[in-house]
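Peer 1: Here the protein sequences come in this chain order: A and B.
Reminder that position 82 of the first sequence reads as 82 in this note's numbering, one-by-one numbering, no gaps.
One gets this note's numbering by counting positions in the second sequence from 1 and adding 166 to each.
Don't read these hints as lab results, they were simulated from the structure.
Take the hints with a grain of salt, since some may be wrong.
Said to hold, decoys possible - Simulated coverage check for chain B against chain A, where a stretch passes if three residues somewhere in it have a Cβ under 8 Å from a Cβ of chain A:
#1 252 to 258
#2 493 to 505
#3 521 to 532
A quick note: this is a predicted structure, and the numbers were derived from the prediction, not measured.
Cβ coordinates follow ideal geometry from the N, Cα and C atoms, glycine included.
Below, each chain spelled out in residue letters.
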Amino acid sequence: MSRIPLPYNPKVLELFRNPKNLGKMEDATVTAVAGNPACGDMITFYLKINEQEVIEKASFESYGCAANIATSSIVTEMIKGMKLEDAWKVSWKSVTEAVGGLPSVKFHCGILAVGALKRAIRKYYKDRGATPNWLPEEHSFEEKQALEEEELARVLSRRMKLAEGK
Amino acid sequence: MIENVRELLKAHEGIKREVYLDTENSSIVPQGVIEAMLPYYNQRAYGNPTLTHKPGWEALETIMECTQKIANFLGCKALEEVNFTPGETEANNLALMGTAFSMRSKGKKIVISEIEPINIIHVTDMLQKYGFSTTKIPVDEEGFLKLERLKEAVDKETILASFSIVNNEIGTIEPIKEALEIVKDRNPEAIFHVEASDAYGKISFNVENLNVDLATVSSYKILGPRGIGALYVREGVNVERILEGQIGTQKLWPGVENTPLIVGFAKASELAFQSFNDNVNYMRRLRDKLLSGITERVPDVRLNGPRSEKRAPDNLNVSFLKCEGEALTIELSLSGVYVSSGSACSRRLLQPSHVLVAIGRRFEEAHGSILMKVTRYHTEEDINYVLEVIPKAVQRIRGITGSTGVEG
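Start from the sequences and build out the full structure, keeping to the hints where you can.
Peer 2: Rendered as structure tokens:
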């Protein structure tokens, strides 16, 4: 249990103080969640997608630290106007770069944000019973990481419940 | 990296007021303490106290005077019972390892609680590698030791029990006398150590009356300088050194004595103990004002730790639901209110504060926890300012959370 200094850069601080595209979207085409409050890290993305499969609007809500808020916000900026096929190619590394870098202990925030985005894209096609040829069947790195984090939250919560009973 | 830090600091320009409530993690040293220390760097007693010249004897005299003061406040019988160390982390390492080494032929069992500070828990983890085993006694939902569990845990193999008198995170004042009686009843030879850093200067206790064998105290926790602490070792109790080198006046810690820091520690102790009752009542009043102000102004708040006289007078620990703690500490900092959080956000998938988990807080409650400690130097205006800032900060962070986690 060590502590690490967190010298957030000005871009992260700015997105933390004035997050872009914050809030629930009532007319979202698709909504996706990644993370778990038990991990102290959870993101909801709302995407409005038109018939050409272009993201017209994106917004987010986030329960998490400054890096979580900043990476979620920047993802919504990055994917606005993108075709879903191109949005799928957004990687956690490009998100980390877009916020001007993160302390390494905060890389998982960018990974979780991209995991939520990829889930949203997958869900959009699943809802429509479609599978575009560019969409891999196997989970991407970011989706796997999100699943792993959520599984750990479940394990920890279960362990706590067991501990209460003892 | 340093540019980032400078920019972060620049973002704080123009704040109206600054209120430092993070005395758990470091403290502001009052000017009077610094002034007391300064002459000892270059005007007098700058010598090594074991050497035969005037600056050395001055240092020896000074260290003995300071030791006397601290020994009086602790209630020691003899000066030799106070052993200076570079801080409470070192004193706790010395207490645990030093006892494990000296008692190793008598048994291998150590007993602590689930809510001890990291500098106790990690030492016992390390000792496991050398054949010692540790039982962690659980606590109830306010952090009180489950004494019946202690009874079950202690036997003739138990060489050491270590408990905080006051928990550093949630302020619980533990039933130490009862715990000690249980341990000594089950095994009179077991050594009983108390972590007293959050009790010293905050609640009344006396090592002689409590009848403990070892007690750790810290300078910065009573607003003295960092880098100095002490381990009380009852006369006749054998603790082995854990570091070797030139031994001087401090038989359990090698190296040159840091006279100015010892002077600062003694001065800070004097300031804490002169008008002790007034200080304590003042801290309690400000803390209570802070607590009631927060619960009146902010919905969905939970107090962590006891609500009664069984809580240290300076300690406040609250959880704001649907409000992540690290984000909240940054938001508060930008308004000049400095606190810490039990959130785990600085590492991937790390558990939040083990203390909050041990008292049964759900993880999402622990992630939204804020620890604050008031001092006698805070004013009513400081607290009013904090009460103005916190509701706005919590509201903004909760606005980012939105509906996230509601259905999940």
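Peer 1: Quick check: which numbered hints come out false for this structure?
Peer 2: Result: hint 1 breaks, nothing else.
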